[in-house]
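Chemist: Chain by chain, the residues run as shown.
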Amino acid sequence: MLRSRWLAILAVLIVLFSLGAIVGAQDDMVEIEYWQYNFGARVDAMNMLIEQFEAENPGIKVVHNSDIPYANFRDELAASAPAGVGPDVVTLFYGWIPAFVDAGYLVPLPDDPFSEEFILETFSPMVANSKFEGSYWAIPTAVRSLALFWNKDIFEAAGLDPESPPATLDDFVAAAIATTVYDGDESDIYSITTQGHAPALASQDHHWFREVLIRQYGGAPYSDDGRTVTYNSEEGCAAFSWLAAFETEHVTGSNDILDGSTNAFVNGETALHVDGSFRVGTIARNNPDLNYGVAELPVGPNGEQHTFGSYWTHGITRRANEDPARLEAAVKFLQFITTPAAGTLWVNNVGELPAQLAAASDEAILADPILGPFSAGLAYSHATFFVDESAQRQVLIDAFDNIRLGGMDPCDALDEAAAAEQELIDNFWADRE
Amino acid sequence: MTLAKKKVVWAYIFLAIPIVFFAYIRVYPALFAFQMSLHDYNPLAAEQPFVGLENYEKVLEELGKRKSTTKAAFQNTINYVLLGVPIQLCLALAIALMLNEIRFMSTLYRIMFFLPFVTSTIAIAWVFRMLYQPRFGLFNVVLQLVSLPQQPFLRSPQQALPSVLALVIWQGMGFAIIIFLAGLKQIPRTYYEAAEVDGASRWHTFRYITFPLLNPSIVYLLVLQTISFLRMFAPVVAMTEQGRGGPLDATTTVVLRVYREAFQSFNMGYASSLTVMLFALILGVTIIQLSVTSRRIN
Chain A
1 MLRSRWLAIL
11 AVLIVLFSLG
21 AIVGAQDDMV
31 EIEYWQYNFG
41 ARVDAMNMLI
51 EQFEAENPGI
61 KVVHNSDIPY
71 ANFRDELAAS
81 APAGVGPDVV
91 TLFYGWIPAF
101 VDAGYLVPLP
111 DDPFSEEFIL
121 ETFSPMVANS
131 KFEGSYWAIP
141 TAVRSLALFW
151 NKDIFEAAGL
161 DPESPPATLD
171 DFVAAAIATT
181 VYDGDESDIY
191 SITTQGHAPA
201 LASQDHHWFR
211 EVLIRQYGGA
221 PYSDDGRTVT
231 YNSEEGCAAF
241 SWLAAFETEH
251 VTGSNDILDG
261 STNAFVNGET
271 ALHVDGSFRV
281 GTIARNNPDL
291 NYGVAELPVG
301 PNGEQHTFGS
311 YWTHGITRRA
321 NEDPARLEAA
331 VKFLQFITTP
341 AAGTLWVNNV
351 GELPAQLAAA
361 SDEAILADPI
371 LGPFSAGLAY
381 SHATFFVDES
391 AQRQVLIDAF
401 DNIRLGGMDP
411 CDALDEAAAA
421 EQELIDNFWA
431 DRE
Chain B
1 MTLAKKKVVW
11 AYIFLAIPIV
21 FFAYIRVYPA
31 LFAFQMSLHD
41 YNPLAAEQPF
51 VGLENYEKVL
61 EELGKRKSTT
71 KAAFQNTINY
81 VLLGVPIQLC
91 LALAIALMLN
101 EIRFMSTLYR
111 IMFFLPFVTS
121 TIAIAWVFRM
131 LYQPRFGLFN
141 VVLQLVSLPQ
151 QPFLRSPQQA
161 LPSVLALVIW
171 QGMGFAIIIF
181 LAGLKQIPRT
191 YYEAAEVDGA
201 SRWHTFRYIT
211 FPLLNPSIVY
221 LLVLQTISFL
231 RMFAPVVAMT
241 EQGRGGPLDA
251 TTTVVLRVYR
261 EAFQSFNMGY
271 ASSLTVMLFA
281 LILGVTIIQL
291 SVTSRRIN
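For the record, the sequence lines run as chains A and B. For the first sequence, my numbering gives the first residue as 1, with consecutive numbering after it. For the second sequence, my numbering gives the first residue as 1, with consecutive numbering after it.
No wet-lab data here; the hints were simulated from the structure. Treat the hints with caution; some may be incorrect.
[Said to hold, decoys possible] Partial chain B-side listing against chain A, Cβ under 7 Å, derived:
id : residue
1  : N42
2  : L44
3  : A46
4  : P49
5  : P134
6  : R135
7  : G137
8  : Q150
9  : R155
10 : P157
11 : Q242
12 : P247
13 : L248
14 : F263
15 : Q264
Note that the Cβ used here is the ideal one computed from N, Cα and C, for glycine as well.
Given these sequences and hints, build the entire structure.
Modeler: Laid out in structure tokens, this is it:
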């Protein structure tokens with residue numbers, strides 16, 4: 001009696017499984033998985049692209065996983081890989097690519113359709129520079145650059161012309177000092193109620209220092225091959241001192257007050273802020289009434305213009321490479337989401353600039369008062385070659401904290417940072433050779 | 001098979017399910033960590049080359065440096081334990097003794113002291129983060145009211161560790177209080193009555209009756225709280241800028257270091273060797289504590 005019941009259950013299970021197999025076999029759809037971290041505007045834009053792609057390619061289904069918060073994105077990738085699951089196409093920060101290539105997680109982009117000539121000709125120069133170990137490993141839809149955000153209301157309240165943002169580093173300092181408001185001791189960071197400028201190395205200012213300020217002081221952050229740290233020079237020290245002075249000397253602001261540097265600007269409590277085009281969307285969502293403008297970054301003492309360029313970029317994983325049908329579908333998908341048309345859709349929905357030059361140099365973008373300065377910056381932007389972006393950023397955060405919290409001399413702090421970062425870079429290459 | 005035997009067999013079969021689950025979810029990963037620590041284990045890579053004790057050598061090398069995040073992590077963790085455990089247990093004992101005395105609204109008081117323990121650590125950490133805020137945080141507002149200088153708390157390399165510690169002590173204290181209260185209830189009233197007849201002072205009663213007879217509770221809490229301070233992670237992540245254990249590694253812990261190395265830098269082999277060392281540390285400390293403090297009391 002008992003045995004026959006077990007047999008019946010077993011029979012039902014067998015039938016169910018075989019049915020599933022038949023359904024699966026009849027279905028000759030290729031299914032690929034695409035992962036990116038959760039950022040509202042990007043998720044919406046990618047959903048639109050996937051819809052268009054699936055309409056053009058009825059045999060391919062793209063599963064879009066965008067539920068992972070930014071803070072957990074790397075954890076989830078790391079957990080999925082040993083389990084044999086995960087994305088076929090994945091969107092990574094460009095600075096992570098060397099680490100993912102090092103692990104053998106990504107496969108090189110196929111020469112057809114992503115030949116070197118094609119990439120050099122059609123994409124922004126910072127994309128072309130991302131060649132690593134003789135291959136291209138990822139290709140973006142959009143790129144970003146840094147520009148200067150300024151709060152027009154605070155400028156007006158301080159008696160400055162709200163329509164003329166600082167054009168040089170000296171003007172920048174003067175404007176920051178003029179716009180800072182205190183309700184007590186002017187040498188105490190905690191008595192600031194409106195900030196002129198609040199340096200925050202954990203946000204974008206480590207990029208501003210690395211790729212912009214050092215060059216404007218006549219130095220270079222790294223050797224040409226990116227393997228030697230060179231920012232602990234006289235010029236680097238001058239640039240770092242200039243940045244630290246906002247907190248230690250001019251007392252115009254700090255990341256420690258008013259809910260952090262970025263939030264303070266978004267909330268209308270900071271006059272001057274350096275950030276990327278992606279912040280435009282944050283402001284539109286959180287404080288749409290903010291009366292602000294965007295300008296190109298101020299010119300340095302040597303009269304040069306520089307900016308930092310960066311991008312989230314799409315790569316094909318080892319997992320996709322295991323199955324020719326999935327690989328083919330992944331390449332098609334990658335090609336589709338990196339066209340100029342995709343870039344245009346992206347800029348309209350996300351605010352990041354198209355990675356393809358044809359779309360980025362569009363008249364409408366250049367004339368746009370908000371996007372124009374970012375777009376202009378693409379011509380003189382640099383993208384740092386990171387071996388471990390998170391650790392390299394930490395090095396400069398610590399150097400800055402050593403100055404402002406530990407009272408260390410900026411040159412000594414920078415020497416210490418350079419030694420620590422050099423060790424990271426050396427370790428990376430030592431493992432590869 | 002007799003019915004009684006059958007019952008026992010079925011009991012074992014049912015109990016086996018949680019044991020298998022426990023072994024797979026807790027024991028197997030723990031053993032796997034030992035194995036990972038001997039490899040250059042990158043979770044994203046297809047192959048994980050064997051490197052012997054290289055990861056351990058790297059940890060020792062970092063510990064030998066004048067300044068390194070790993071060294072700071074170990075130093076801070078030891079500080080958390082050495083400061084946190086004694087303060088927490090002394091406060092908990094004092095409060096438990098007082099709670100044991102009162103009768104009016106005693107349940108309400110007990111609930112108030114126990115409540116933090118059952119509240120989410122992350123939620124409490126964020127509330128404390130706001131309380132520690134400059135200018136508008138409650139603590140600084142109070143300081144301002146009594147004309148004392150503003151304090152940076154979490155933003156200062158010197159004050160950050162005690163600031164995090166204060167929260168952890170307060171949150172975990174409810175648990176220690178409950179254990180002490182249970183221990184106090186176990187002490188026969190006759191001892192106190194005898195002491196009273198003999199005219200013993202309150203201090204002598206505590207020193208020669210309460211304290212020695214609470215020894216089992218004290219040992220239990222000492223071991224448990226030491227382990228929990230050694231494993232400190234969540235409050236530091238929730239209370240420091242971007243969960244990095246700053247400023248300047250002032251609050252970072254060994255477990256936070258393990259997490260960051262494993263999942264931010266993908267050095268799971270190195271992270272595993274740190275875990276194994278932490279395991280050895282916890283084991284060693286526990287054995288010493290048990291052998292020193294669990295002498296039988298007559």
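Chemist: Next item in the hint list is P134(B). Is there a CB on chain A closer than 7 Å to its CB?
Modeler: With a closest approach of 5 Å, the P134(B) hint holds.
Chemist: Going by Cβ atoms only, is P157(B) closer than 7 Å to chain A?
Modeler: OK, holds: P157(B) within 7 Å of chain A, min 6 Å.
Chemist: Is the interface hint for F263(B) satisfied, with its Cβ closer than 7 Å to some Cβ of chain A?
Modeler: holds, 4 Å
Chemist: Is the interface hint for P49(B) satisfied, with its Cβ closer than 7 Å to some Cβ of chain A?
Modeler: Constraint on P49(B) not satisfied, violated at 10 Å.
Chemist: Should the hint that R155(B) touches chain A count as held when the rule is a Cβ pair under 7 Å?
Modeler: Cβ of R155(B) sits 5 Å from chain A, so the hint holds.
Chemist: Hint validation: R135(B) versus chain A, beta carbon distance must be below 7 Å. Holds or violated?
Modeler: At 6 Å from the nearest chain A Cβ, R135(B) passes the 7 Å test, so the hint holds.
Chemist: Given Q150(B) as an interface hint, is the shortest Cβ-Cβ distance to chain A below 7 Å?
Modeler: holds, 5 Å
Chemist: Hint G137(B) vs chain A: min CB-CB distance below 7 Å?
Modeler: violated, 11 Å
Chemist: Against chain A, run the beta carbon of L44(B) and see if the smallest gap drops under 7 Å.
Modeler: holds, 4 Å
Chemist: Is the hint on P247(B) kept, meaning its closest Cβ partner in chain A is under 7 Å away?
Modeler: holds, 5 Å
Chemist: Would the hint on L248(B) be counted as holding, given a Cβ-Cβ threshold of 7 Å to chain A?
Modeler: Holds. Min distance 5 Å.
Chemist: Let me know if the C-beta of A46(B) comes in closer than 7 Å to any C-beta of chain A, holds or violated.
Modeler: holds, 5 Å
Checked against the numbered hints above, the structure violates hints 4, 7; every other hint is satisfied.
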